[in-house]
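S.K.: Given only the sequences and the hints, what does the whole structure look like? Please build it.
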Amino acid sequence: MLDFEKAGGLVAAVAQDADTGEVLMLAWMNREAFEETVRTGRAVYFSRSRNKLWRKGEESGNVQEVKGVFIDCDADTVLLKVKQIGGAACHEGYKSCFFRRLDDGELKVIAERIFDPKAVYKK
Numbered sequence: 001m002l003d004f005e006k007a008g009g010l011v012a013a014v015a016q017d018a019d020t021g022e023v024l025m026l027a028w029m030n031r032e033a034f035e036e037t038v039r040t041g042r043a044v045y046f047s048r049s050r051n052k053l054w055r056k057g058e059e060s061g062n063v064q065e066v067k068g069v070f071i072d073c074d075a076d077t078v079l080l081k082v083k084q085i086g087g088a089a090c091h092e093g094y095k096s097c098f099f100r101r102l103d104d105g106e107l108k109v110i111a112e113r114i115f116d117p118k119a120v121y122k123k
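If you use full-length UniProt numbering, the sequence shown corresponds to residues 1 to 123, in order.
Check before you lean on any hint, since a few could be wrong.
Said to hold, decoys possible - Quick list of simulated restraints, FRET-style, between CB atoms:
hint	residue 1	residue 2	range
1	GLU112	ASP19	12 to 20 Å
2	ASN51	ALA111	27 to 35 Å
3	VAL14	LEU107	15 to 23 Å
4	ASP74	VAL38	28 to 36 Å
5	GLU35	GLU112	33 to 41 Å
6	ASP104	ARG31	24 to 32 Å
7	LYS118	LEU26	21 to 29 Å
8	THR40	ILE71	28 to 36 Å
9	PRO117	LEU53	15 to 23 Å
10	VAL23	ASP74	15 to 23 Å
11	ILE71	ALA119	16 to 24 Å
12	ASN51	TYR121	30 to 38 Å
FYI, nobody ran anything at the bench for these hints, they're computed from the structure.
Computed from a predicted model, the values in this text were never measured in an experiment.
Don't be surprised by glycine CBs; every beta carbon is placed ideally from N, CA and C.
M.R.: Below, the structure is given as structure tokens:
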């Protein structure tokens, strides 16, 4: 079904708002994360920085309920259509990880922050 070997055991995973079509984030999945996502109906990714499964919302409460799973033509990318619970997909507190736009060579924030990450993540 998915070619996890092509990129060293991982596939790209794009989360898209099932209702609006807005792209919320890009993350990575290994086989275990993909299988748990399909089994539970909740988005699970693989954190490359922590080298472990990352159950979306396990710290913030901003979970993703999976409404549809799509596989691309090369079998190396997953598109998850999700219902974003809690309003923010981004760990920086924005609805989408794509909250900056390049305008005339400069990055500009184009969205409102939904939560303060310092208040949510106890690192």
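S.K.: Hint by hint, note whether the structure agrees.
M.R.: Hints, one by one, checked against the model:
Judged by the Cβ atoms, the range 12 to 20 Å given for GLU112 and ASP19 holds: they are separated by roughly 19 Å. At about 30 Å, the beta-carbon gap between ASN51 and ALA111 stays in the expected band of 27 to 35 Å. The hint said 15 to 23 Å for the Cβ distance between VAL14 and LEU107, and at roughly 21 Å that hint holds. Against the hinted window of 28 to 36 Å, the Cβ-Cβ separation of ASP74 and VAL38 comes to about 19 Å, which falls outside the hint.
GLU35 and GLU112 have their C-beta atoms about 35 Å apart, which keeps the hinted 33 to 41 Å range intact. Checking the proposed 24 to 32 Å range against ASP104 and ARG31 shows it is violated: the Cβ atoms sit about 43 Å from each other. For the pair LYS118 and LEU26, the beta carbons lie near 24 Å from each other, so the given range of 21 to 29 Å is met. Remark: the range hint 28 to 36 Å for THR40 to ILE71 is contradicted by a beta-carbon distance near 18 Å.
PRO117 and LEU53 have their C-beta atoms about 21 Å apart, which keeps the hinted 15 to 23 Å range intact. Here the CB-CB span from VAL23 to ASP74 is close to 19 Å, well matched to the stated 15 to 23 Å. Taking 16 to 24 Å as the suggested C-beta distance range, the pair ILE71 and ALA119 does not conform, at roughly 37 Å. The hinted window of 30 to 38 Å between ASN51 and TYR121 is violated, with their beta carbons roughly 18 Å apart.
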